[in-house]
Amino acid sequence: MKQLGRLSWGIVIYAIMYLCANGLATYGITGGLIPVLCKLVVLVAITTIAGRALTFRSWKDILPYSIAWMFIVIGIDALFTLPLAGPQMYGSPVIWIGYALVALLPLAAPQTRAFEVETSDE
Amino acid sequence: MRTARGLFIHRLLMRAALAFGNLFSWIFVFEFFYLYSYSLPIALSRVALLYALAQVVSSLLIPLSARYLGNGMRREMVFGAISCASALIFLGALFQGVLGPLYGIGIALFAIFFGFYRAFYWVPYGIESEQFKNTASLPGEILVALMPALAGVLFILRNDSETLTLFLAALLVVFSLIPLIFVPETYERFGITYRDAFAALFIRGQRGVVWSAFVDGVQGAALLIFWPLAIFIVVGGSYAMLGIIFSITCLILIAIRLLLDRTHSQFLIKVSLPVRIAIVSSAWIARPVVGSPATAVLADSYLHLGNAHYSVDHPAFEQSADLGHYIDEVTVMREIGLAFGRIALCICVVILSALFSIPVVFGVVFLLAGMSAGLSVLLSHTSRRSI
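Protein chains in written order, with the numbering used here: chain A, 83 to 204; chain D, 709 to 1095.
Rather than coming from a laboratory, the hints here were simulated on the basis of the structure.
For glycine and all other residues, C-beta sits at the position ideal for the given N, C-alpha and C.
Treat each hint with caution, since some may be false.
What the hints assert, rightly or not - Partial list, derived from the structure: chain A residues whose beta carbon lies under 7 Å from chain D:
| hint | residue |
| --- | --- |
| 1 | 85 |
| 2 | 86 |
| 3 | 140 |
| 4 | 142 |
| 5 | 145 |
| 6 | 146 |
| 7 | 150 |
Chain A extracted, bound-state conformation (with noise of 0.2 Å):
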C-alpha cells in the first residue's frame, strides 16, 4: 500500500504540469522561451518534492519510481491531452524531454537532503 501511494505522485505530477500549461494559456503565455522556461522550474521543484518525499538515499532506490512515474504522465498524456493536440503533440521533441526530466530528476532529490533518511522502503 505504501508502494502504491508513493506511485500516486505520478498524477501530482501530471496534475501540477497540467495547472501550469492551462494558467500559462489563460494569461496568454503561449509563445516563446518564458512558458517553456516557466514550466521547467515548476516540473524541477515538484519532481524534487516528490524525490524527496520518497525518503531514499540512493538514486537506485528512486529509479524504479520516477520511471513508474513517467509512464504515469505518459499514459494520462495519452489519455487527455492526445484526443485534444492530435498525434502531432508526439513529433515536439520539447514533450519527450519533459517525459524524460519527469524520470531524471527526481534522481537528484537525495542531494537536496543534509540529513540522515531511511535506506530503503521495507
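Once you've looked at the hints, dock chain D against the given chain A.
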C-alpha cells in the same frame, strides 16, 4: 507473495527484452562490420573481439559488484538493468546515425555497458525463492519465446528496423524496473577481497569448479553468439527468418520440457556416462552440416534435448552461473570462469578467422563446443563422485 510476483514480472519483462534485443544486437554489429569491411572473416573476428571486450569488462567487475551486494541487491539490479538499456541505446544511436564518425565509440560503449550489465545484474536468491518459482508461468515462457519472431516481424514491416528493435528492447528493460518497487532490498555478504577472488581461481581444490565453468563458457559463447551468426549467414541475412527459427526452437524446447516434466523422464540421468557424453557432443558436431532453417531448428532442439544446461537461459539468450542468483563466493568464481571460457573461444575465432574460411571457422568452433560439452558432463560426473 507480492514480493515474488514483483520479482517474477521484472524477470519476465527483462527476459522478454533480452529475447527481443539481445540476439539481434550482436547480429546488427556483425552486419555493421560486414558492411564496413565487405569481408565475412573480418566481420566475424571483430564481433568476437567486441564480445571478448564485454567479457573482460564483466570478469574484472564481477568481484567488485559482488562486494557491493552488501549495499543492496536491488540497487545492483537497477544499475545492471540501466547498463543493459544504455548498451542497447548506444547501439541504437549508432544505427540512427546520431554518433556520426564516432561510431567506434558507440560500439565500444555498447560492449562496455553490456559487460557492466553482466557483472552487476544479480537476481536476489533469498526472497521467497519457492514462491518465485511457483509464479513462473507457461504463458510467460511462451511470450518470451515469441519475442525473436516479433522482432523479426518488425523487419518484414520495415527493412531498417535496427534502431526501433534496439530502442524497444531498451524501453522494455526500463519498464521492467517498475515491478522492483514491490521487491524489498536484500543484502548479501561477499567475504573475499578483489585480488583473492582471482587468486581463488587457481587454488587446487577449486579447479573442478573453475574448469567446469570454463567449458560451460566456451559452449555459451558458441551457442549464444556464433550459432546465431552461422544461422544468419545460412538464411542469407534474413532477420525475420532468424527470429522465426529461434522462436520455433524455443517453443519446441518448452514442449520438450513439459513432456519430460509430465512423464517424469530421467532418461539422461539413467544412461551411462559415455552415452551421455556422446549425446551432448553429437548435438554440436552435427551443426556444421546445417544448411537450411529446418535443420537449424532440428539441430538446436536436439542440443537442448540432450543437454540440460542450467547455466544457459536460451529464450533470453544469456548465460549466467546459478541462473543469475548470487549464492556464495563460488558463484563469483563460476561467473569469472564462464567469462574466461567465452573469451578463450573468442580468441580462437579471431585466430581462425585470420587463417581459414568462414565454414572452417564455424566448424572448428562447433567442434570445440562439442568437446567442451563432453568435458562439462565428465567434470560434473567426477565432481559429484568426489562429493
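Handout entry: Unmet hints by their number, sorted upward, for this structure
Key = Per hint list: single violation, 2.
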